[in-house]
Amino acid sequence: MQGLKDRLKELLTDGTVARVVGWKKGDMPYNPEPAVFTSVDEMDDFVYDGFCGANLSKMMIEATKLEGKTAVCLKPCDTYSFNQLIREHRVNRDNAYIVAVGCRGKLDIEKIKKDAKGITEISGTELDGADEITVKTIYGDKTVNYSDVLLNRCHVCKGKDHMISDEVWGESKDTADQERFAEIEKIEAMSPEERFEFFKKELSKCIRCNACRNVCPACSCRKCIFDNTKFDAQQKANVVSFEERMFHIIRAFHVAGRCTDCGECSRVCPEGIPLHLFNRKFIKDIDKFYGEFQAGKDPEAQCPLTDFTFEDIEPGERG
Amino acid sequence: MSMNEEKTEFRPLIVAFCCNWCSYAGADLAGSSRLSYPADVKIIRVPCSGRVNPMFILRAFERGADGVIICGCHPGDCHYSTGNYYARRRMTLLFSMLDYMGVENGRTRVEWCSAAEGVKFSNTMNEFCEKIKSLGKSVRLGDLRCKD
Amino acid sequence: MTKQEIEKKVELIKEISGCDPYKCMKCGKCSGSCPSFNEMDVKPHQFASYIINGDIESLVGSQSLWKCLTCLACIERCPRNVQPGKLIDAARQLVERERGGDHLLADDIPELIDDDVPQQLLVSAYRRYRR
Amino acid sequence: MQRIGVFVCHCGTNIAATVDVKKVVELVRFEPGVVFADDYMYMCSEAGQEKIGEAIKEHGLTGLVICSCSPRMHEKTFRACAEKAGLNPYMVEIANIREQCSWIHKDREEATEKAVILARAAIAKVNLNAPLQEGESPVTKRALVIGGGIAGIQTALDIADAGYQVDIVEREPSIGGRMSQFDKTFPTLDCASCILTPKMVEVNQHPNITLYTYSEVEGVSGYVGNFDVQIRKKARSVDMAACTGCGECQAKCPLGKSGKIPSEFDRGLRGRSAIYMPFAQAVPAVPVIDRENCTYFKTGKCGICAKICPSKAVNYEQEDEIVTVKYGAIVVATGFDIINLDKYGEYAYNESPDVITSIELERLMNASGPTGGHLERMSDHKQPKDIVFIQCVGSRCDDERGKPYCSKVCCMYTAKHAMLIKDHWPDTNITVFYIDVRTPGKNFDEFYRRAVEQYHVNYVKGQVGKVIPQPDGSLMVQAVDMLDNKQIMKKTDMVVLAAAIEPNKGVRKIATMLTASIDNNDFLTEAHAKLRPVESPTAGIFLSGMAQGPKDIPETVSQAGAAAVKVVGLLAKDKLKTNPCTAKCDPMFCNGCSTCANVCPYGAITYEDQLVRGPGVNETRRVAVVNNALCQGCGACTTSCPSGAMDLQGFSNRQITTEVDSICR
Amino acid sequence: MYKIAIKDINTLFSKIAGEQELILPVKKAGQYNFGVYEEGADTEGILTNKTVKSAKDAFFPQFETLYNVKKTITPADELENGEEASGTKIRTKLEVQMEELKDKDFVVFGMRGCDVKAVDVLDKVFLSDPVDNYYKARRDHSIIVALACHEPEESCFCTVFGIDPSDPKADVATWVVGEDLYWKPMTEKGTKLTESVKDILSDADEGAIEEEKANIKAIMDKLPNTKLSLEGWGQGKTDEKFNSEVWGKIYNPCLGCGTCTFVCPTCQCYDIKDYTTKDGIQRYRCWDSCMYSDFTLMAGGQNRTSQLQRFRQRFMHKLVYFPDRYDGMFSCVGCGRCVDKCPQSLNIIKVIKAFEKAEKGGAV
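Residue numbers (my numbering), protein chains in the order written: chain A, 34 to 352; chain B, -19 to 128; chain C, 186 to 316; chain D, 7 to 671; chain E, 32 to 395.
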């Protein structure tokens, strides 16, 4: 981490970049926040460890509008999002300096907290840390395996390769140990009634805070259609079950073919709704109906929803 | 007594989005050929099936529709050459998602119907109405507030 | 035969053959191709109209059924996909089924095979007499 | 708030019989925005329209809802009526209570209820309508004709004669097309080149016509009135200005005599030189060098043509040239070809040189053809004594080998061939195997009957199953005579196949460039099969000749004239009115993500950096811009736009949503 | 002072729920949230886990209908004798149907010290003139059974606002001590409720809870954020804090989502909207968030147009404007929910610390 910090400071000092988009040390051992650093002094608070799960590519929409280059730390999965943003002309590639940082999977604090309240210190979460991490709490100390408390998305990791970079720092690890579509298939195998009950239960928790939307790098609209008074779609009435469904279906639909499956939506949901189940369903369908497609892999590839073939299957057919 | 029976019979509310060039004309042909279909079907004219935003479909369900059908030109015949191809992909994904969420498969449908297919239009509408009647009132996608 | 019986048989022929006799445009290419034409009392180009007109009795009673070599020439060349060969094969199966001779048991087969039987005939027989 | 007038039409009893018109009027009177509601026997009649006009003035109406027949029927009428009374025509909406209500429902109560709902939806929509102005775009007064066959030639001449500039792009070295290959034409039997050549010359000399031969359309952009077309002028290797057309070069070309290069014009029945004019009367009379076969281009040696050319016109250094020209209208006259017969093994076309297609027969009978007009078998150059004609080879075919349609001209040209042969060599025995003889047309059936009655051509109802080449060089034809119910085994000297015709292969590429639609058989689609038969659905694109469907020469010429009139009608305008129901981008919401441009079939969306100012926003950013003249209003972009920035005027998101709401109320 | 064995706690809930509505933490799809108690519900973990949203919904629901307007149209031929259709052949009528106010008592169980204090904050807003009838009705009928925090978490900092998590002030206070839940009525309402469930409670000694209280205090002392200083915040600080450059440095990661405002027990902003129904409109109100770009949006595009302004607004309101308006009372109760839930790990503690650091001259 120190090496990375030094390198970023160097980039700032030698004028290669005007600012750095990275993570800032939190006030607790596990809550670093995404931040923009503009000076070497500020960089003292820079941190990169297992809790730096946030996908910083979306911050580059604003950052690359500013004068001078912006350095950004992107993990392998974040680079897909960045590529997708390039494709949609949302970031200015020329104004970005991509430091591709290594990743051995990111940690889910909720999983750690499940049996560790009153955390005061966590050690061993750095990129080159051990397989075990130590959690100190006021109620006693605990150790857990790094791989046991990964974010769900890391279990279906897309791989350790960065899709775009200007320089690479650190080693990455492919943490995939689960079938990407296993969760989807499990739901598909349920009866329609069971599926309906499942989603009703999950979605009824939704508080319409819009965290999923606002964190999503594909939801990069300047103004969301749900905030667009012209569409007459704005609603904040969360208890009306239809609203959440409409919101989540349409949100997933709008990012279909553009979603890189970065998993930020599920990570940030305050109610723990597995929102990726919607996006991943579309990805699965697209793969099945129109051939395999990974958004953000190739910035030139045509999005499946703005494309067609004469032989496409008919709606309602299940392939 | 017969009055009561009539009232309890379920009359579905069906919204049909028809493209101006083929299906709307097909509906007109069904009309001028006096091919009847239930009055439960209400047609909204759109320039092209590619104009049908999934939000319109969900909106219809939100407001109490029991079934939504989208009619467009046959693939290859789109007045705008490609609109229905995009619509086909969009609707394929949307319908699959609705199915995935446990909404009854069959409340939504896409049918390609040309300006010459008045018979097909009428048959399709009759069939779709029957299907929706068999599924009953849409509950899973409806907005609770729309209920009386 | 009653009207219902005829209809049933027509349906059966259509089902077995998978062909639509109504597509015939009476071009005669089948008869122009048929090696057994002179042997037949009902000519290949007439098959479709016999079925359309419901004259099943004459068709199944005709010699043509047993004169067709199943050479597939008419099936190959029919421009309308009516494929008279398949129609006549279907009529033949209809007769065979009524006679109860519409299937072979695996145990019966060795007896039937002698060295002169061409492989193709066996395959053709299997196809025709399977349940 | 709008001031809406609702007018409910009885349509005699068409509507009133099943819909309680008076009740509809009463029930919609209280809808938001409605200030006036009335009914009338025939709303579209003069009196009905007057009533509407008066109401607009008297009640200060800002919007109209007409509950009547389909908008496809009378929307235009009522829009014009509104405009006459000073109301923007796009403030009119039609509730279709005839085709989609009264005509299909029997129960009066039910129909009335539905009529009210449809009216309400229309009212809700009008509440959100905004006046739209038709835009204007200028018209470039020059037309392009793609294809220089008889269809293209006639269209170009007619346009040029009307006083407009017109260019012809022809892929081959000469114009003339298929007709120049023919010997005689039915039903009058005049010589094809006698009637075509003068037209070709006229084209060449017409001050208003520019010829681009040996050229291809490379790219098309723009829209009706304003097309930009890139034309590739392939390197001819001969200076058009210097060449006198003396023909020395082709006479001296060493490859000329070898017969190694099959002549395309003669359908491969003889060879040609590497520097060549396809035929003697070629226009322009300037040869081209076929670089693929020319020894000079292959090995760098030879160069005889350049040496002997008296006017030093041969130029090996010439390169392809691309010119971009502006046009107001484009006519597609790409013509036809016959299908490939590889899949028809039973006719032995690839096996025997004496099985030929009808076009080959044309060349064989043509005085300027490979045999000098003497009919002979290609195998032994003997004159055939017995000829069999087979009709419908690949036409009316339901499988993938052929075409499902009737090729339309074969029956007539076969009768023509039979008669011509009988005329020259009366003792030739001719048999025609046919499925049906189709001769609708002026003097057509008489023509066919003459072949039977006067020339005793043997017409046999039945088809040939197989043609078997015999060791002695003859052909055995196995066929059926369906009327005699006899199979025929017939020995003959020559078999002529009436192969199905199909659109020229290049048409698919051209149609894609023009965004003109084609049908499953690759024929260009008309805007309307009956009412707009020479126009493509894409504005500014017109159809002429076989590219649109099988037809004979008189029909082609009349269609060519019709297309020309349509073109002239377009070019005569200084400005075009554009459809105002186009897409519109709200820069405040636009992400500049290019999704909409990806789905636009007309290339109507471009991106530019625009200064966007609004609450909290003051920056220059990439936003979508719609070209109103190009946009046809399909709305594909609006659905693909995730932020809802793109909207369609006349069918806006809010308008459709409100219709949905209103119907589902 | 009473007690009940925790293993029998469902009996207590059943009893309460039998007499009136009971709202308590409910586990649904892996998350705890306040909800209506249903017979036989799984109450495992509800005594120790923090809910995602606070109990605010019980008094000020995220969505509530205010009234309906109904339009009826009667054709003339259907009018009853004596009714008159004036002018036209149809009579239309508009009716306003007020939503009924809460008129039955209900119990909220399991609110912590912070949540209870948060209700005081809401009271200031909704019960001062003009009084909000919908809120008042709910408050009048609510009986709060609070629960001392058995296991405070590292995000907790209620003591900063003078709240004692070991001794919640409510109608009834309860403590988890060993295998038992101790129960102490504190108000008249509380005593009445206790009377109704007395037969399933047993008498207990007050001494037992003293140890639990001391425990809780000791834990609170050890927690990292309980020493936070509020110096420099409160009344009269508007100009100084509003114009500070610190905001510009720290707002950046804020997504502008509404998570913090929706999980907050004291955020009280709402929006009122109309929904078109079959035959009229329904006027409802729902929570709004000052983090949203369409919050208090006016025709001209105002009010706050940048995320910096919106971000500043929320914390200024909690720590400066509210104290200014209500005698120094902060509208944060240190429950720590926003600390737990912010997608970007941004929170009020970081804001306060950033200002502290900046005032000491450090880089922010």
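Hints were generated in silico from the structure; no laboratory data involved.
No residue lacks a Cβ here, since even glycine has one placed at the ideal position from N, Cα and C.
Errors might be hidden in some of the hints.
[As the list claims (entries may be wrong)] Stretch-level coverage of chain B by chain A, calculated; a stretch enters the list once three of its residues show a Cβ under 8 Å from a Cβ in chain A:
#: 1; region: -10 to -3
#: 2; region: 29 to 40
#: 3; region: 55 to 64
#: 4; region: 98 to 106
Structure-based check of each hint:
For a cut-off of 8 Å, the count of residues in the region -10 to -3 of chain B with a CB near a CB of chain A stands at 0, and the three-residue condition is violated. Chain A is given as covering the region 29 to 40 of chain B, and this holds because 4 residues of the stretch bring a CB closer than 8 Å to a CB of that chain, at least three being needed. Judged by the Cβ-Cβ criterion of 8 Å, the region 55 to 64 of chain B is covered by chain A as claimed, because 3 of its residues qualify and three suffice. Only residues whose beta carbon comes within less than 8 Å of a beta carbon in chain A count, and the region 98 to 106 of chain B has 0; fewer than three means the coverage is violated.
Comparing the model with each earlier hint shows violations of hints 1 and 4; every other hint is respected.
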